[in-house]
Amino acid sequence: MHGKGLRGLSVATIVVLVGAFAVAAFYAPLDADQGFRQKIFYLHVPLAIVALVGFIVGGLLAIQHLRTREPIWDLRSYVAIHISLILGVGVLVTGAIWAKSSWGVWWLWDEPTLVSFLIVFLLYGTYTPMRFAIEDRERQARYASVFAITAGAFVPICFGAVRAQPQEVHPQTFGSGDLPGPMWLTFLVCLAGMALLFYTLYRFEIAAKLARGRLRSLRRQLLDDAPVQRRSAAPTI
Amino acid sequence: MTTAIELAGLGRAYGERAALDGVSLSLPAGSTLVVFGPNGAGKSTLLRILATLLRPTTGTVRVLDGELPREAWKVRGRIGLLGHDPLLYRELSARENLRYHARLHAVDPARVDELLDAVGLGARADDPISTYSRGMVQRAAAARAVLHDPELLLLDEPRANLDPAAAAALEPLLTGTPERPRTRVVTSHDPAGGLAEADVALGLRAGRPVLLAPAAGVTVDQIGALYR
Amino acid sequence: MFADTLPGDQGTPYVVAAYLVFLALLLIYLAIMGVRVARMERDLAELDDLVREGRDTPPSSEQEPERIST
Amino acid sequence: MRVLAAVLRKELRLELRTFESVPGMVLFGLTIFVVFHFGLERASVEGDLAAGILVVTLLFAGMLGLNRLYVADEEQGGFDGFLLAPVDRTWLFVAKATALFAYLVALEIVMVPAFALLLLEPGLGQALPELVLVLALTNAGFAIIAALVGAIAVRTRARDLLGPLIALPLLVPVVIAAAGLLEPLLREGGAGGLDAKWLAILGLYDLVFGLLSVAVFDPLLED
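Which chain is which? The protein sequence lines are A, B, C and D, in order. For the first sequence, this note's numbering begins at 1 and goes up steadily by one. For the second sequence, this note's numbering begins at 1 and goes up steadily by one. For the third sequence, this note's numbering begins at 1 and goes up steadily by one. For the fourth sequence, this note's numbering begins at 1 and goes up steadily by one.
Chain A on its own, in the form it takes in the complex:
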C-alpha cells in the first residue's frame, strides 16, 4: 500500500533521464570555446540545483513537522535531506571533474557555486551525526527540524555571500540569458530528469521506511519480543 504508483514513476524517471542524457550527448551543440567538455554541465548543474532545492524542501517539511508534530513530516524531512546529501556527493565529484577538465585543477576557490555548495554540504554533513547523538526519538525529530529549518534558510544566504566575492575570474557558463536555444532546452530536459529522479528516490525511500515501521509493529504484536530499538539517526514510524 505504500509503494503504489512507484513502478510507473520509476519507468518515467528512467525514460526521461536516459532521454535527457542522450539529448545532451547527441543533440546539444558543442560549446564555442570549451568544446565537448562543456557537456558535464548538463549533469553537474541540474544535480546541484536539485540537491539544493532538496535541502530547502527538507527545511519546509521540517516547518510542517514543528507545526503539526506528526512523525510522518519528520520522516519526509529526513528523507529529503538524506537524498540531497547523496546527490550532493555527486555534485562535488562531478564539479571537481568539470574543474579539472575545464581549468586543469581539481578544485577551484574562485568558482562561487562550487565553493558555496561545499559549505552547504559540510553543514548538512552534520545533520545525520546530530540526529544520531540524540537518543530520545521525539526530541531527535524536534532538534532535527530546528536544524533543517536553520540550514534551509542558510543555503540562499551562503550562495549570496560567496557569490558577492570580487574574484569572478571564470565566465559563468550557467547564465539563464546567454545560453543559445538548443542548449537551454537540453538543460531543461536534464533538469526535469534529475528532479524526477529525486522524487522517485524520495518516494521509494519513504515507502521502504514506512513498510519497515509497519513490519516492526507487526513483529512486536506477533512475536511479542519488541526488538530492542538500536540507536539510529533515521526516524522510525
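Don't read these hints as lab results, they were simulated from the structure. A hint or two may mislead.
A partial selection of chain D residues facing chain B, derived with a Cβ cut-off under 7 Å [claimed, not checked]:
#1 6
#2 10
#3 17
#4 18
#5 76
#6 77
#7 80
#8 83
#9 86
#10 218
#11 219
Here are the computed distance ranges between Cβ atoms for each label pair [said to hold, decoys possible]:
#12 22/A - 16/B: 45 to 53 Å
#13 16/B - 38/C: 43 to 51 Å
#14 67/A - 206/B: 33 to 41 Å
#15 70/A - 161/D: 25 to 33 Å
Cβ-to-Cβ under 10 Å is the rule here; a few derived chain C residues that face chain A [said to hold, decoys possible]:
#16 13
#17 18
#18 25
#19 26
#20 33
#21 37
#22 39
#23 44
#24 50
Every residue gets a Cβ at the ideal spot worked out from N, C-alpha and C, and that includes glycine.
Position chains B, C and D relative to chain A; hints supplied.
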C-alpha cells in the same frame, strides 16, 4: 470544590518503553495525593508531566484550569516543584538563586529574605550552594518551590535526607495554611507516614496504576505489596 | 548529424568519467536500498510462517495476570 | 524585558563567579596569535592576511564560548528552573546571545590591542570607529548562531564536537563579510572606507538569523 488535577488514560513512552501507562484520577483542590511505588515505577515522570516539564504521549491531562500541554502557559507559575534536582546554581548563593527565581516569577524580593529565615538558612544565605550540606540544599530548594506561593505543590520525597529539625522547619511551608489550602502531590516510600498525610493514595508499578483509593480505606501492607 | 556534437577531442574522458561517477553513485544507493528491502522480505517471510503456525495450532488460553486492586 | 534582565544578570554573575568562559577565550586567542606567527613565519601582517587572522581567531575563541554557554543550565537544572516560570522562552535565547556578545566584547578589548602589539603592521588608531562597528556586527553574528546551535548541541552526547561542527559552516558568510570589511581597515597605507556591500550582507545575516532563531528556539526547550 473544583478539581485541581484531572487525568484520563495518561501515558508517557520513551520510544518502546512505557514509563507511565493508563493513569486516570481526579484530585479535588486542596487535597493531597500521595504516590507510592518502587524506583522506576514512574513517580518522577508523573510529577514532571504535572509540572508541565514533560509532554504526555497519550491521554489527557488537566492541571488547575489548563489542559496540558496546549495550555501549559496558563498554569506555569502557579505550580511549585521540589524534585530530586534542587534546580539551583551551585556557584551562586541561596539568596542569589532565590532572587533570580523571584525575578522570573515577578515576586517581591522581600519574600526571599523572609523565606530564607523561615527555612533556617538566614545565616548561610550568602554562601554558594556548593558549600551546603544535603539537608541545607533541600531547604533552599523547598524555599524556591514555594517562593511564588503556588496553588499546586509537587514534592518528590520531600523528607528524604532531612534531619528532624529541617523537616520541622519545612513542614508549615509545604502544607499550606487552613485558610489557603494547597493541593499537593507527594511521592513517598514510607507507607505509614505517607498514608497519614494523604487524602488519596496512588500505587504505581512499572508505570501502571495498580492501586487508587481514598487513603482512609488503604492499609499499610497493601502499600507494602507494591514493593514486593 | 552527430559529427559536430561528438568529436573525440581531449575533453571526452572527463565527460565520460563524470557520467560514470553519477551512475556509480546511483547504483551504490540502489544496492543499499536493495539490501534493506531484501532484509525486510526475509522478516516478512518469517512473520508469514508464524501466522501460518499460529492458525494451525489453536491459541492456548492465556491467564489474566493477577492484579492488586482494592 | 524584566525576564531578559533577570537571566542576563544571572549569566554575568555566574560568569564573574566562575570565570568559565572569558579568561579561557582570551588565553586561547592569544595562543592562536602565537601559532599564526610561527605557522606563517611572519613577524607582522597587514591587509587581508591581518583581517583573516583576526576574524579566524575570534571565530575559534567564540566556539569555546559556545561550548560553555549552556553547560551550567544543562547540568544544574537551569533549563527546568526557567521552564517552570511563566515567561516567554525566547528570552532565554536573547539573554544567552547577549551574554556571549558581552564575552566577545570583553575578549576583543584584550585581544585587539594584543593583536596590534604582536602581529599587526599598521597601527589601529585611524580606523578604530569603523573597526568597532565591524566587530560589533561580527560579534552579533557569532552570538546569534552560538546561542541557537549551543542549545541544540548541549543536550546531545558529543556536544563539544557537535556545536562547532554545526556552527562553523553556518558562520562562513560572517567570516567572509568580516574579512572583506576589515581588510581595507588594516591595510598598510592607511584605512580605506567600509565596503557598503559587505556591511549590508553582514547586517542582513544578523537580521535574518536573529529573527529565524527567535522563531525556531522554543521547540528546543520542550521535552
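Status of each hint after checking the structure:
1. Evaluation of the residue 6/D hint against chain B yields a held restraint, the C-beta minimum of about 4 Å falling below 7 Å.
2. Because the beta carbon of residue 10/D sits about 5 Å from the nearest beta carbon in chain B, less than 7 Å, this interface hint is met.
3. A least Cβ separation of about 5 Å between residue 17/D and chain B falls short of the 7 Å threshold, and the interface hint therefore holds.
4. Annotation: interface hint on residue 18/D holds; nearest CB of chain B at approximately 5 Å, less than 7 Å.
5. For residue 76/D, the suggested interface contact is upheld, since its CB lies about 5 Å from the closest CB of chain B, less than 7 Å.
6. Using the Cβ-Cβ criterion of 7 Å, the hint placing residue 77/D at the interface with chain B is satisfied: the shortest such distance is roughly 4 Å.
7. The interface hint given for residue 80/D holds, since its Cβ lies 5 Å from the closest Cβ of chain B, which is under the 7 Å cut-off.
8. Because the beta carbon of residue 83/D sits about 6 Å from the nearest beta carbon in chain B, less than 7 Å, this interface hint is met.
9. With a least beta-carbon distance of about 3 Å to chain B, the hint placing residue 86/D at the interface is held under the 7 Å criterion.
10. Because the closest C-beta pair between residue 218/D and chain B is about 11 Å apart, greater than 7 Å, the hint is violated.
11. For residue 219/D, the shortest C-beta to C-beta distance to chain B is roughly 11 Å, which exceeds 7 Å, and the interface hint is violated.
12. Checked against the given bound of 45 to 53 Å, the beta carbons of residue 22/A and residue 16/B, roughly 50 Å apart, stay inside it.
13. For the pair residue 16/B and residue 38/C, the beta carbons lie near 25 Å from each other, so the given range of 43 to 51 Å is not met.
14. Judged by the Cβ atoms, the range 33 to 41 Å given for residue 67/A and residue 206/B holds: they are separated by roughly 35 Å.
15. For residue 70/A and residue 161/D, the hinted distance range of 25 to 33 Å is satisfied, since their beta carbons lie about 31 Å from each other.
16. The beta carbon of residue 13/C is positioned within 10 Å of a beta carbon in chain A (closest approach about 8 Å), and the interface hint is therefore held.
17. The restraint placing residue 18/C at the interface with chain A holds, with a minimum CB-CB distance near 4 Å, inside the 10 Å limit.
18. Contact between residue 25/C and chain A, as hinted, is supported at the beta carbon level, the nearest pair being about 5 Å apart and thus within 10 Å.
19. At a threshold of 10 Å, the smallest CB-CB gap from residue 26/C to chain A is about 8 Å, leaving the interface hint in force.
20. Look at residue 33/C: its Cβ gets to within about 6 Å of chain A, closer than 10 Å, so that hint holds up.
21. A distance limit of 10 Å between C-beta atoms decides the matter here; for residue 37/C the minimum to chain A is near 6 Å, and the interface restraint holds.
22. Checking residue 39/C against chain A: minimum C-beta separation of about 9 Å stays under 10 Å; hint holds.
23. About 6 Å separates the beta-carbon of residue 44/C from the nearest beta-carbon of chain A, less than 10 Å, and the hint is met.
24. Below 10 Å, beta-carbon pairs count as interface contacts, and residue 50/C has one with chain A at about 5 Å; its hint therefore holds.
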